[in-house]
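**Q** Protein chains in written order, with my numbering: chain P, 238 to 473; chain G, 348 to 593.
Worth flagging that the hints you see were computed from the coordinates, not collected in a lab. Since the model is a prediction, treat every value here as computed from it, not as a measurement. Backbone N, C-alpha and C fix where the C-beta goes; we use that ideal spot for every residue, glycine too. Watch out, some of these pointers could steer you wrong.
Pairs of lysine-lysine residues, derived as DSSO-like cross-links and limited to a Cα-Cα distance of at most 30 Å, are as follows [stated by the list, open to error]:
| id | chain 1 | residue 1 | chain 2 | residue 2 |
| --- | --- | --- | --- | --- |
| 1 | P | Lys251 | G | Lys514 |
| 2 | P | Lys436 | G | Lys507 |
| 3 | G | Lys514 | P | Lys361 |
| 4 | P | Lys251 | G | Lys363 |
| 5 | P | Lys405 | G | Lys439 |
| 6 | G | Lys367 | P | Lys436 |
| 7 | P | Lys436 | G | Lys363 |
| 8 | G | Lys439 | G | Lys360 |
| 9 | G | Lys575 | G | Lys514 |
| 10 | G | Lys439 | P | Lys361 |
| 11 | G | Lys363 | P | Lys364 |
| 12 | P | Lys361 | G | Lys363 |
| 13 | P | Lys361 | G | Lys511 |
Per label pair, the in silico range of CB-to-CB distance [to be verified]:
| id | chain 1 | residue 1 | chain 2 | residue 2 | range |
| --- | --- | --- | --- | --- | --- |
| 14 | P | Ala360 | G | Phe461 | 45 to 55 Å |
| 15 | P | Asp252 | G | Arg358 | 31 to 41 Å |
| 16 | G | Phe369 | P | Glu468 | 34 to 44 Å |
| 17 | G | Arg512 | P | Glu340 | 26 to 36 Å |
| 18 | P | Gly365 | G | Ser527 | 48 to 58 Å |
| 19 | P | Asp252 | G | Tyr380 | 56 to 66 Å |
| 20 | G | Ile509 | P | Ser294 | 13 to 23 Å |
| 21 | P | Asp252 | G | Phe589 | 34 to 44 Å |
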Amino acid sequence: MLLNVKIKSAGYEKDEATIQQVDFSIDKGELIGLIGPNGAGKSTTIKAILGLLEYNSGAIEFMDNASYSYIPERPVFYDELTLWEHLDFVAAVEGLDDQAYQEKANRLLESYKLAEHAHEMPAKYSKGMQQKAMLILAMITEPDVYIIDEPFIGLDPNAMKLFLSSIKAERERGAAILMSTHVLDTAEKVCDRFIIIHKGRLQAEGTLDGIRTQCQLPAGSLYDCFHFIAEGKTDE
Amino acid sequence: MNSWNVFSIRRRKNRKYQFKVFRSVADWTVIVYILFPAAVIILFNYFSYWKDTPGWIEYLPFSLIFFFIFLLSWHGNIRTYVEEADKVFLIKNRSLFLNMKKWAYGHTIFTETFSLLSLFIFLLPHLLNYYRLQWHELFLLFIFFLSLNLLIILIKYYVKMIEKRWKQVLMYTMVFILLSGYTILIFQLWQSAFMLPIFLLSVSLLAVAIMLSFASLLRIGFIEHEIKIYQENRTQNIEMIFMIAP
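Put together the whole structure using the sequences plus the hints.
**A** Written out as structure tokens, the structure is:
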């Protein structure tokens, strides 16, 4: 196990819990989809895991000092740094070996077709390019756990394919991935397990078959199960 | 890279930014025809006050000077130097992130001390020649207002977390009344020449304000708030220009 999450309650204001009783764990090489309607508490769950919430009771354990990379829904960069300077900054903060990280950085920049733009400010990139830059900055450290908030927004089909293949390679390396998304058809294809959150509580958890059983929709898609949980009914 | 490097890069960057803001309103014409003459006049007057006490000072009782410094103690904020991208990149290295904030708070203490010292130097001819304060009394006054200032900026740090505007105003009003009462008490002690209690209260308050500030800044969960107040600090000069501009 790489990450163990046991959130009793967490939120932005004292005595106003946004999420409650959210418990799950992630193993090596697993890809877990964090699913839920808008305002369900997905981003709050991610913030709680990252320790960004002041009011958080429970325990978040990264086993054996597992490292993580976080990719937020909206790309954020330092205003005055180029992408290459961001890479330098991340390498310095994380104490990466100079030569190894530069080789990896060049490889990633080539793969994601950002090599020509490496000395430009990411703040001036298009949304898709910014997403790619965030992925590169996350991957450069070779973390044990990825925490990704809505990765598919802003990616063109080619970039999405590249992202999915990168994720596959990282999983083969042993990295675990927690991915919050609304793109259910893609999530259904790539995720091993799902965590469905609604109204701040964990409503269902497990493989797609397990979720189907919990929702009593034996032939349902992930969307059907999601809809059942969010609206309390099926489409049929 | 260590926390001092991160902090000093940000401080330099902020200075450049503030200089750009300053130059956006103060071009050479403004500097040569307004700011420079104003500085010369102020300096000329300042040095003249050392030789001759101005007549208008007779209309300013010491209590008014005390109140004036009290009001100026409300100026300033805790500088966090926390940026939004830190949520993604810097926070992963907790000790680096927290130590950077410690440097930032150290810089806040330095800046506030320097500002207060500048004010005291500006008032010094009057404090020494007209109000006849002794150096140890000046030192005591300085420690009192520094402790008050550091306490106020800590309170502002917390009050700014309150989302509702009316609650913020209510809190500020209550704190203003409380601290005004405390300042009046200190002034009465001053007039009665009870210097030791003032010294002990001021030093205690200074220690408490610094310890509580460090304790607050060593919490990760306030990061969103710290990003917000750093942005406010950075842009406050621009906002002031917009307010003044016709």
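**Q** Compare the structure with each hint and give your call.
**A** Going down the list of hints, with the structure as the test:
no., hint, result
1, P:Lys251 x G:Lys514, "15 Å, holds"
2, P:Lys436 x G:Lys507, "28 Å, holds"
3, G:Lys514 x P:Lys361, "39 Å, violated"
4, P:Lys251 x G:Lys363, "38 Å, violated"
5, P:Lys405 x G:Lys439, "24 Å, holds"
6, G:Lys367 x P:Lys436, "47 Å, violated"
7, P:Lys436 x G:Lys363, "46 Å, violated"
8, G:Lys439 x G:Lys360, "22 Å, holds"
9, G:Lys575 x G:Lys514, "18 Å, holds"
10, G:Lys439 x P:Lys361, "25 Å, holds"
11, G:Lys363 x P:Lys364, "28 Å, holds"
12, P:Lys361 x G:Lys363, "21 Å, holds"
13, P:Lys361 x G:Lys511, "34 Å, violated"
14, P:Ala360 x G:Phe461: 45 to 55 Å, "33 Å, violated"
15, P:Asp252 x G:Arg358: 31 to 41 Å, "38 Å, holds"
16, G:Phe369 x P:Glu468: 34 to 44 Å, "56 Å, violated"
17, G:Arg512 x P:Glu340: 26 to 36 Å, "53 Å, violated"
18, P:Gly365 x G:Ser527: 48 to 58 Å, "56 Å, holds"
19, P:Asp252 x G:Tyr380: 56 to 66 Å, "58 Å, holds"
20, G:Ile509 x P:Ser294: 13 to 23 Å, "22 Å, holds"
21, P:Asp252 x G:Phe589: 34 to 44 Å, "38 Å, holds"
Hint check: violations occur at hints 3, 4, 6, 7, 13, 14, 16, 17; the rest are consistent with the structure.
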